[in-house]
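> Single-letter residue listing:
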Amino acid sequence: MKKCKIGVYICSCGTNIAKMVDTEALREYISALPDVAMARTYKYMCSNPGQEIIVQDIKEHGLDRIVVAACSPRMHERTFRRALATAGLNPYLLEMANIREQCSWVHDDPVTATVKAKSLTRAAVNRVKYHEPLESMSVDMTASTLVIGGGIAGMTAALELADSGHYVYLVEKSDHLGGNLARVDLTAPYLDSARDLIVERITRIRTNKQIEVHLSSKVTEVKGYVGNFTAKIELVNKLDNILHYPDEVKIGSVVVCTGYKEFDASRITHYGYGKLPNVITSFEFEKMIQSGRVETKQGKTPKYVAIIHCVGSRSQEFHTYCSRVCCMTALKYAHEIKSANPECYVSDIYIDMHAFGKGHEDFYTRTSEVKTLFLMYEKNEKPVIRAAEPDDDCEMLIEVNERLSGEVIEIPADLVILMVGMEAREDATEVARLVNISTDKEGWFMESHPKLEPVATTTDGIYIAGTCVAPKDIPDTVAQARAAAARILGKISKGKIDVDAVYAEVDEELCAACRLCNTLCPYSAIEFIEEDGKGHSHVISALCKACGTCVSSCPSSAIKGRHFTDQQIFAEIEGMLA
Amino acid sequence: MPIRVNPRLIEELDFFGAEDVQYCYHCGDCSANCPHADEVFRFPRKWMRTLQMGLERKLETALEPWLCYYCGQCSEQCPREADPGETMMSLRRWLISRYDFTGIARLFYTSKASEILAIVITGLLTGIGFLWYGLHFGNIHIYDGPGAFLPSSFIHTFDLTLGSVLLVILLINAFRMWRLTLYNERSVPIPWWLYIKRIFLLPWHFFTQKRYAECESKRSTKIFMPWIIHLSLMLGYVIMLVLVMAFIEQLQLGPEIFWPVHVFGYAATIGLVIGTIYFIRSRVFKQNQVQYKKSHSTDWVFVVLLFIIVLTGILQHLFHRTGLLEVANIIYIVHLMAVVPWLLRMPFSKWAHLVYRPLAMYFASILRDAIKIQEKKESPVPSPALG
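For the record, the sequence lines run as chains A and B. Heads up, the first sequence is in my numbering, so the first residue is 1 and it goes up one at a time. Heads up, the second sequence is in my numbering, so the first residue is 1 and it goes up one at a time.
Keep in mind the hints are simulated off the structure, nothing from the lab. Some hints here could point you the wrong way.
List time: in silico DSS-like cross-link candidates among lysine-lysine, alpha-carbon distance up to 30 Å [unchecked claim]:
| # | chain 1 | residue 1 | chain 2 | residue 2 |
| --- | --- | --- | --- | --- |
| 1 | A | 303 | B | 112 |
| 2 | A | 382 | B | 58 |
| 3 | B | 58 | A | 379 |
| 4 | B | 222 | B | 112 |
| 5 | A | 382 | A | 371 |
| 6 | A | 19 | A | 223 |
| 7 | A | 338 | B | 294 |
| 8 | B | 112 | B | 372 |
| 9 | A | 371 | B | 293 |
| 10 | A | 371 | B | 58 |
| 11 | B | 58 | A | 338 |
| 12 | A | 371 | B | 112 |
| 13 | A | 545 | A | 223 |
| 14 | A | 338 | A | 379 |
| 15 | A | 338 | A | 382 |
| 16 | B | 294 | A | 371 |
| 17 | B | 112 | A | 338 |
| 18 | A | 303 | B | 58 |
| 19 | B | 286 | A | 371 |
Label-pair restraints from in silico Cβ distances [what the hints assert, rightly or not]:
| # | chain 1 | residue 1 | chain 2 | residue 2 | range |
| --- | --- | --- | --- | --- | --- |
| 20 | B | 285 | A | 200 | 53 to 59 Å |
| 21 | A | 392 | B | 176 | 44 to 50 Å |
| 22 | A | 369 | B | 220 | 32 to 38 Å |
Using N, Cα and C, we set each Cβ at its ideal position, and we do this for glycine too.
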């Protein structure tokens with residue numbers, strides 16, 4: 001192995017490191033190691049003067065490897081890689097030793113902490129000798145996009161992209177656009193018509209030449225990688241459920257907006273849904289309002305209406321999460337019922353009233369002004385509905401252990417509305433498999449980071465938006481749809497997609513074609529190539545996230561992880577143990 | 001056994017003045033702030049809730065509204081402006097209508113017109129009756145003594161009859177109050193001797209209204225004015241009532257002043273004048289404390305009638321002394337036209353609290369003792385619902 005000139009830079013991080021690690025002793029120790037040309041300490045290596053020291057040393061002393069003993073590489077690896085690049089050195093010739101999070105912050109004895117810092121830095125010095133210069137690549141970005149789902153999220157994302165001049169394929173399973181929102185009459189809290197929201201969008205989509213709408217269709221296959229996908233769209237014949245006329249399209253990104261389905265209320269037996277004729281779900285009530293007639297099955301105008309919240313939500317037996325929209329929808333019903341018939345009494349039976357959004361608290365106050373009776377029940381003590389006796393002046397009686405008063409009470413009701421929660425669609429796993437993303441235990445699609453990456457997934461180029469991610473209201477859904485569109489537009493405007501230089505590579509000569517890695521890869525980044533009866537696995541570098549699963553599983557040691565070679569790892573271990 | 005909700009009750013209580021109770025979201029600030037609420041008697045929040053839910057059967061049994069003197073501290077700091085103080089006031093009005101077996105209280109509270117009509121008719125009948133009596137049997141030129149226009153012995157008999165009618169109605173209603181609050185619906189047994197042990201509380205609370213003053217115990221700048229005024233007004237008309245019922249003959253003597261009786265009459269008049277003016281002023285200008293911000297129509301009927309009574313009483317006395325006996329006699333009839341409906345209305349209006357409030361203090365103390373006895377007897381009993 002050729003001799004190299006390593007520069008080691010030890011950061012004091014103010015006193016974060018220096019108060020526990022004797023940085024001067026560390027510097028002296030490291031300077032004495034073979035191949036170390038120079039070692040320096042500095043108060044803040046990440047600062048501009050700190051980086052400048054590295055740049056100057058590389059230029060003046062011809063250093064060809066750099067080790068920075070400082071914080072976690074998650075914090076500043078990018079910073080120091082940039083410094084190397086500035087000095088004309090390949091950025092992958094850097095190694096960091098984490099002597100802050102894994103050393104000074106977690107120890108209270110300066111002597112042993114310094115010993116540990118020496119080991120960590122020595123390991124980094126040993127490893128960096130085997131680093132190779134790596135080059136990152138870029139792939140082309142196809143500008144057209146596939147949007148799966150024609151609800152408010154899908155329509156919004158499609159319009160956003162098409163209005164920017166890019167082609168969109170909008171695929172909807174049913175025979176019309178609008179999704180679940182089309183089943184709703186008014187929206188809370190401003191009582192705007194849902195119909196108006198949708199119709200405007202549908203008209204714009206229908207007249208937009210950049211959007212190709214596929215109704216009664218399914219996406220049956222998505223292949224390729226970010227910027228370069230191909231998808232098959234097939235028409236579903238409703239009668240025989242057979243797929244016809246596959247249509248293959250080339251796309252750069254996919255937005256999944258498949259929405260939710262409502263909870264099946266008959267699963268909760270003591271609400272009597274399906275048995276008591278006047279117990280209905282919120283969607284059935286929406287239909288009633290749309291038809292303009294709120295009445296019982298017997299055709300009478302109800303004197304008492306009870307609304308029960310959290311049907312299927314926030315319970316141990318069904319779904320533990322909150323469905324987020326039902327509280328406001330319930331208030332909307334109370335409001336609508338009271339305006340249509342001021343003589344009618346509305347009881348609103350909830351676990352907690354979640355009025356968190358803009359205008360929601362005001363809406364709650366307005367609803368309490370019209371004397372809606374708000375009642376609170378214990379999460380695990382659901383109300384029980386039974387038919388009333390003939391001499392009662394109501395159809396049903398609801399028994400509740402009311403929390404705010406501590407009394408067991410009986411509420412008269414002629415009509416009971418069950419606020420059914422949202423749940424993931426039955427075909428969510430199928431869709432997830434199709435586009436290679438993951439679902440959580442409830443069946444919702446997973447974001448790549450719940451806070452910082454709310455619309456991206458672990459598969460590059462696949463975005464999720466709306467209620468297929470988690471229950472949410474219309475403003476949040478629209479915001480996500482637009483966020484996904486913005487992410488895609490950003491990639492399109494750049495034109496190229498950078499692929500990290502760190503990925504796995506298969507040595508075709510050594511590959512035994514066992515295909516073990518093909519199934520293990522969590523990112524479906526490994527394809528199998530067959531030529532002349534002889535086959536071998538191949539890693540699509542654009543899809544590879546360098547997790548190393550295939551590297552460690554290969555029985556023939558045919559797969560090499562770039563920047564994580566066996567040689568580098570062993571050198572690091574030896575350095576640590578020396 | 002679950003209690004049936006009556007969603008209509010909250011609408012009904014509108015008539016009694018609880019117009020904002022629906023805003024309450026049960027933070028409990030009012031109960032925390034109330035100087036009188038404690039472990040056993042929790043209010044106002046608990047009763048705001050009971051009212052919102054329309055648990056009539058429970059509300060009927062409540063003593064708590066009577067333990068409140070409406071100092072208004074709860075309403076001052078209510079974050080929802082649900083006005084707990086006014087709600088307790090309205091509950092007292094509602095309870096009066098519940099205790100009242102005649103149904104008149106309910107009618108008066110729910111219909112302003114019927115109350116005013118009843119007062120006008122009673123007033124007119126009284127006026128016509130006394131005028132007829134005076135013109136037939138008396139002499140308009142004589143105010144007192146033999147041959148007087150309205151002889152004091154006749155008035156005395158009339159007063160006693162009126163007083164007995166009032167007493168019977170009040171006793172029956174007080175019995176109904178006892179049955180609702182102590183006899184029914186209470187889980188603890190009440191030993192009979194507690195009724196005797198605590199009887200002293202009746203006159204004590206009646207004459208001192210000590211708890212009204214205690215409302216100020218938590219406030220940094222204490223406001224004792226409403227208590228003092230209320231006390232002097234109450235003592236004023238109680239003294240007047242005693243004078244009229246027992247010493248009417250001496251009271252009506254003149255023109256010389258009969259000090260042993262008249263001194264009480266003057267003292268009572270001062271109390272009544274100050275009280276009436278203070279309350280009218282507060283209600284008109286809605287100043288001072290929060291409790292005068294909202295006035296039920298029945299509040300006005302009371303103060304206006306009282307004002308007429310006090311004014312005609314003073315004028316009568318003055319004209320008697322100055323020798324304008326005909327004018328004094330006519331004013332006497334006007335005085336009676338206000339007095340009779342005012343007194344007859346008493347058991348059916350908020351002013352029945354003269355009886356119910358001391359009774360409630362007495363009952364509450366008995367109940368408190370009974371609960372303590374029960375707790376000692378048994379192992380710890382489950383605590384009542386959250387305040």
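> Evaluate each hint against the coordinates.
Structure-based check of all given hints:
no.	hint	result
1	A:303 / B:112	holds, 28 Å
2	A:382 / B:58	holds, 23 Å
3	B:58 / A:379	holds, 25 Å
4	B:222 / B:112	violated, 36 Å
5	A:382 / A:371	holds, 23 Å
6	A:19 / A:223	violated, 54 Å
7	A:338 / B:294	holds, 27 Å
8	B:112 / B:372	violated, 44 Å
9	A:371 / B:293	holds, 22 Å
10	A:371 / B:58	holds, 20 Å
11	B:58 / A:338	holds, 27 Å
12	A:371 / B:112	holds, 24 Å
13	A:545 / A:223	holds, 17 Å
14	A:338 / A:379	holds, 27 Å
15	A:338 / A:382	holds, 25 Å
16	B:294 / A:371	holds, 20 Å
17	B:112 / A:338	holds, 27 Å
18	A:303 / B:58	holds, 24 Å
19	B:286 / A:371	holds, 27 Å
20	B:285 / A:200: 53 to 59 Å	holds, 55 Å
21	A:392 / B:176: 44 to 50 Å	violated, 28 Å
22	A:369 / B:220: 32 to 38 Å	holds, 34 Å
Going down the numbered hints, you'll see the structure goes against 4, 6, 8, 21, while the others check out.
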